[in-house]
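Peer 1: The lines below spell out each chain.
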Amino acid sequence: MAVNKVVYGNTTLVDLTSDDAMATDIASGKKAHNRTGNQITGTLTFVTYYTGTSDPSSSLGSNGDIYLKVGS
Amino acid sequence: MPTARLIPSTYSFSNTNYLTMTNADNMYENTDSDTYATITNTQTGTTTYYIYIKGFNFDDIPSNATVSSFSVKFKARESGLSTSTSYRPYMVNNTTTITGTASMPSTTATPITFTGVSATWATIKGYGLNFGIRISVRRSSRNTTGYLYVYGAEIEVNYTVPAATITSTLTGNGTIDPLGAETVMVGDDYELVIVPANFSDPVTAKRDGTDITAQLVFHNESDTVSAIPGSDVTTGFSESGANFYQNSSTSSDAWLRYAIGHSAESPYSTTNTSNTYVKDSSGGSSSTATGWMNYPFDFSDIPPGAVINSVQVKCYGARENATINNQRVARVGLYSGGTLKSTVQDFTSTSNGTITISSPGTWTRDELEDAQLRFEVGYYGGRLLGATWTVSYSVHNYTYTFTVTSTTASTIDVMIGVQDALYWKNNGSWVKVLKGYKKVNGVWVEQDITSLFSNAQNYKKGA
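As given, the protein sequences belong to chains A and B, one line each in that order.
Going by the numbering used here, the letters in the first sequence line up with residues 1 to 72, in that order.
Going by the numbering used here, the letters in the second sequence line up with residues 1 to 463, in that order.
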């Protein structure tokens, strides 16, 4: 059973009930807990972009990445 | 609301033995005119004769116009005519009276409006060139010569036409024509001419936000083109005058239009032309009355915005009488619409030959839209067998043309030397992105930077 709040005596040790992070807010594959205390796995994806003043090197980046050639 | 005043262009008499006309051109005006044509009734008697004033140009009203009202009027005065209401003016279809009468002219020149006009505009227009105004020239006394002086006549038409507002804007260095809001009638073409200050600058355009750059037509040429008298007789050929004829057995109408479709270099016929002249006999041998024919020339293939470098016009023909004076007229001139653009030049020989108009004038591309050669003849006339109109032009521009099909407003944004750009902020400064790439199957492929990023995607800077 998931736990989202821990109280010891009159002291609250852990309280996730006000958290608002969701799987879509967390980088893909990273693990965390939501406000119900359940573990969630991030689904947020990014496209990586690179910049430079010359043409991109063939060894740079992965498929789907972007390269911006900018003025110097 | 637009108003048009359609004026007459021809007339006829119920009797040609006793009725004569001088200065007919003076009555081919609206009722503001202060000059007049004179109709004389020479018969000793009180027979009722008429003049029928006709030839109103209904083409001046756009075909898709909605006519809200119209009135028919003329301006005239009389001397020695019967002004009895029994002989009052009528509107006519050819010579048949239709509903609508007016009071007889008095001795004072005054515009007179027809009343009781019950026919609709469609009916009046349907009569075409047969619609006219009949005015009596019956003498009041058998022994007193009667005169009718006609200053002008008109059908005043109030109408509306569906139209759209097309607004063009320019960003960058150069010119566009038109610039700003333009009202274009539905069914007409909208034509935009773009001239960049530097032709190395890119030119792009959007219409209502949609890119239309691919539809811009680039013109970069210099050329010389020639045209001959157009064959579009219905709308392009016009004539003004009375009793045109030629003194051979050929029908006069054919002779009037003899030059149509023929060049100065290869005229329709150079033989069997003796005794075949076009002339205006309306005023007799001592009259200075002249008539004319306008021959249209088609230069629509010259791109819009072209600069007209030179014009040359050659005409092939002859005059009837070797003497050149006010009764012996056979001459040509160049017109744009109703405006004379050149010197007027006489045929100088009674033998067929070519004349070149010495000062053809300075022309613009727009003026060539309505290019006309006018052949004017007097009592002793002449013949025009062919003509060649040559134009040299150069053009360096972009054009965009479309037909307006609805009253929906439209906006065209032209950008010269301005491209959609992407900037990247680096160390506090914006840097222009020169190129954008995307890695596809292990290879960097250049992309259109305007579509490189998407709102639906997240991005992070790579190391």
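No lab work stands behind these hints, which were simulated from the structure alone.
Take the hints with a grain of salt, since some may be wrong.
Partner residues aside, some chain B positions facing chain A, computed with beta carbon under 8 Å [what the hints assert, rightly or not]: (1) Y268; (2) K438; (3) N458; (4) K461.
Between beta-carbon pairs, the in silico distance windows are [said to hold, decoys possible]: (5) S58/A / N458/B: 20 to 30 Å; (6) G71/A / A197/B: 45 to 55 Å; (7) G209/B / K31/A: 19 to 29 Å; (8) D177/B / A21/A: 52 to 62 Å; (9) V307/B / G52/A: 41 to 51 Å; (10) E221/B / S58/A: 54 to 64 Å; (11) E446/B / K31/A: 11 to 21 Å; (12) K30/A / N220/B: 56 to 66 Å.
Remember, predicted model here, so these are calculated numbers, not experimental data.
Just so it is clear, CB atoms sit at the ideal spot from N, CA and C, and this is done for glycine as well.
Peer 1: Hint by hint, note whether the structure agrees.
Peer 2: Now for the hints, and whether the structure bears them out:
{"no.": "1", "hint": "Y268", "result": "violated (69 Å)"}
{"no.": "2", "hint": "K438", "result": "holds (6 Å)"}
{"no.": "3", "hint": "N458", "result": "holds (5 Å)"}
{"no.": "4", "hint": "K461", "result": "holds (6 Å)"}
{"no.": "5", "hint": "S58/A / N458/B: 20 to 30 Å", "result": "holds (25 Å)"}
{"no.": "6", "hint": "G71/A / A197/B: 45 to 55 Å", "result": "violated (24 Å)"}
{"no.": "7", "hint": "G209/B / K31/A: 19 to 29 Å", "result": "violated (45 Å)"}
{"no.": "8", "hint": "D177/B / A21/A: 52 to 62 Å", "result": "holds (60 Å)"}
{"no.": "9", "hint": "V307/B / G52/A: 41 to 51 Å", "result": "holds (47 Å)"}
{"no.": "10", "hint": "E221/B / S58/A: 54 to 64 Å", "result": "violated (45 Å)"}
{"no.": "11", "hint": "E446/B / K31/A: 11 to 21 Å", "result": "violated (38 Å)"}
{"no.": "12", "hint": "K30/A / N220/B: 56 to 66 Å", "result": "holds (60 Å)"}
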